[in-house]
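K.L.:
Using the sequences and the hints given, assemble the complete structure.
Spelled out from the first residue to the last, the chains are:
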Amino acid sequence: MVLLKRKQKAPFAGEGLALFNEVQEAMKAEKALKDAGYNVKLVAPPPELRKGCDLAVAINLVEQPGVERALKQGNVDYVSISPLNIATAALLEIVKVTDFGRWLMVRAGNMKLTFAKESGVIVNTSGGGCPDIPVMHLELLGKKLKEAPRPRETGYTLCALMLDHALEKALELTKESR
Amino acid sequence: MLLIAGTVPVKGLPLTLGAVNRDGDYLVVNGQSIPCTQGTGTMLSSALATAEYLGMEAPQALVVGDDGRGKGSNTLYQYLIENVANLPLKVLALHYCLPNMSLTRSLCSTIKKCSQRPHLIADAAAMYAAKAAGLAREFDIFTPDATEMAFLADPNATHPAYINRHLFDTDITQTPHLVAEAYRQNSAAKVLLVKGAIDYIAREGEIIAQVNEPDVPALEAIGGTGDTITGLVAAFLHAGLEPHEAAIISARTNRMAGQYASATPATRVREIIPHFARVFREHLCQWSRICYAKGENNND
Numbered sequence: 001m002v003l004l005k006r007k008q009k010a011p012f013a014g015e016g017l018a019l020f021n022e023v024q025e026a027m028k029a030e031k032a033l034k035d036a037g038y039n040v041k042l043v044a045p046p047p048e049l050r051k052g053c054d055l056a057v058a059i060n061l062v063e064q065p066g067v068e069r070a071l072k073q074g075n076v077d078y079v080s081i082s083p084l085n086i087a088t089a090a091l092l093e094i095v096k097v098t099d100f101g102r103w104l105m106v107r108a109g110n111m112k113l114t115f116a117k118e119s120g121v122i123v124n125t126s127g128g129g130c131p132d133i134p135v136m137h138l139e140l141l142g143k144k145l146k147e148a149p150r151p152r153e154t155g156y157t158l159c160a161l162m163l164d165h166a167l168e169k170a171l172e173l174t175k176e177s178r
Numbered sequence: 001m002l003l004i005a006g007t008v009p010v011k012g013l014p015l016t017l018g019a020v021n022r023d024g025d026y027l028v029v030n031g032q033s034i035p036c037t038q039g040t041g042t043m044l045s046s047a048l049a050t051a052e053y054l055g056m057e058a059p060q061a062l063v064v065g066d067d068g069r070g071k072g073s074n075t076l077y078q079y080l081i082e083n084v085a086n087l088p089l090k091v092l093a094l095h096y097c098l099p100n101m102s103l104t105r106s107l108c109s110t111i112k113k114c115s116q117r118p119h120l121i122a123d124a125a126a127m128y129a130a131k132a133a134g135l136a137r138e139f140d141i142f143t144p145d146a147t148e149m150a151f152l153a154d155p156n157a158t159h160p161a162y163i164n165r166h167l168f169d170t171d172i173t174q175t176p177h178l179v180a181e182a183y184r185q186n187s188a189a190k191v192l193l194v195k196g197a198i199d200y201i202a203r204e205g206e207i208i209a210q211v212n213e214p215d216v217p218a219l220e221a222i223g224g225t226g227d228t229i230t231g232l233v234a235a236f237l238h239a240g241l242e243p244h245e246a247a248i249i250s251a252r253t254n255r256m257a258g259q260y261a262s263a264t265p266a267t268r269v270r271e272i273i274p275h276f277a278r279v280f281r282e283h284l285c286q287w288s289r290i291c292y293a294k295g296e297n298n299n300d
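These protein sequence lines are chains A and B, in that order. Under my numbering, the first residue of the first sequence is numbered 1, with each subsequent residue one higher. Under my numbering, the first residue of the second sequence is numbered 1, with each subsequent residue one higher.
Wrong hints could be hidden among the right ones.
What the hints assert, rightly or not - Covered stretches of chain B (chain A as the covering partner; in silico rule of three or more C-beta atoms under 8 Å from a C-beta of chain A):
id : stretch
1  : 33-40
2  : 56-69
3  : 121-133
Calculated from the structure, these hints are not laboratory results. We put the beta carbon where it would ideally sit given N, CA and C, even for glycine.
P.N.:
Quick look at the structure:
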């Protein structure tokens, strides 16, 4: 067996839209995102999603956190990022907490983060399925909650955003317990 | 051939194909080291441990580094689309990746044209993409956890972060309802293994088994304990079991190994996999009628 060469760029995946007030901002966003390596394209948003101008940037919705970060870094003024399907529910904000005695597990969407109550050390993360999750699993294990890198800053996907919600809740819980 | 395809957290790792070997705490594929940690590494390690016990050839791995930006994922899917017809596949298990619906459509379309269609398993984001692309019925087994089951049941969600709140709020005992919804919408594979406090195994819309013993709640907190189940399923499917049989035995094995490891929420998944051999030795014959692997289980 041999190491295999990389193949060509993947076709567009879609399912999400970045929305803007100004056409110029949409065009600036397309360039900023392409420069950052994202596979995006300019499209006309459906009327029910139109929030400003009649130009939007189609994105792969799962890449929302990375896209938002790239837009901010590119000083692009965007209104919001939305699922293309207007029947889709809003981004999950609620979390659930399970008490394991010495440990607490916080679940946000498909992600779980577990930490030791006494030390505040992260002992496990689980769930998810996006490629940045195993990376963050290695980064977070053994770190104290307050010193842990924030997944929303180091990750690129919705799984990372859910893990960040779990970390945020864990930080709140440790504050409340003092 | 059992081929497990997915991304791994190894920066700069090129697309690599080869048989899986073990080297201490690491796996080795074609000379490349892969950590046995949450994700595809754990799934490979689990499948390898099972194949070794059964005296079968080691699983093949198709792995690539990806930090979440999707370049590795896209390379992996492109490779599969171009080469899947020429690989002697019996089982293809798709795992961690950046979900991309158009690439998933292309891959499924190519597989349909194969002279011998492999068994298809999807877990993690490969499952998200298959459901979001409307291709769940092309797959033989999905292995969702409870939240992912809610995602499969939500007709409008393309990722579990966007599931309807009332579905997120359901507890594990509502799984049969979610399973029925998912099948009604053609958003479920032929067999579902829903991992949770109770593991549910469903086939074509009907719950055919529940596994709830031994009860090891800590497993839910341990990163990779879903990946071990999917690795087990893949190996047992490759060994010739029917998909639902593979799912039931895998759910039992994972729980029993967790108990043997005295798992706590702080346990690492690599501490659980070594207990598979004992579970197989003591229970596999009874569970599956696989009784003579390596001679270790010849109790008759």
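K.L.:
Would you mind marking each hint as holding or not holding in the structure?
P.N.:
Evaluated hints:
Counting residues of the stretch 33-40 of chain B whose C-beta lies closer than 8 Å to any C-beta of chain A gives 5; at least three are required, and the coverage claim holds. Given as covered by chain A, the stretch 56-69 of chain B passes the check, having 4 residues with a CB less than 8 Å from a CB of that chain where 3 are the minimum. Under a criterion of three residues with beta carbons nearer than 8 Å to beta carbons of chain A, the stated coverage of the stretch 121-133 of chain B is upheld, 7 such residues being counted.
Violation of the numbered hints given earlier is absent; every hint is satisfied by the structure.
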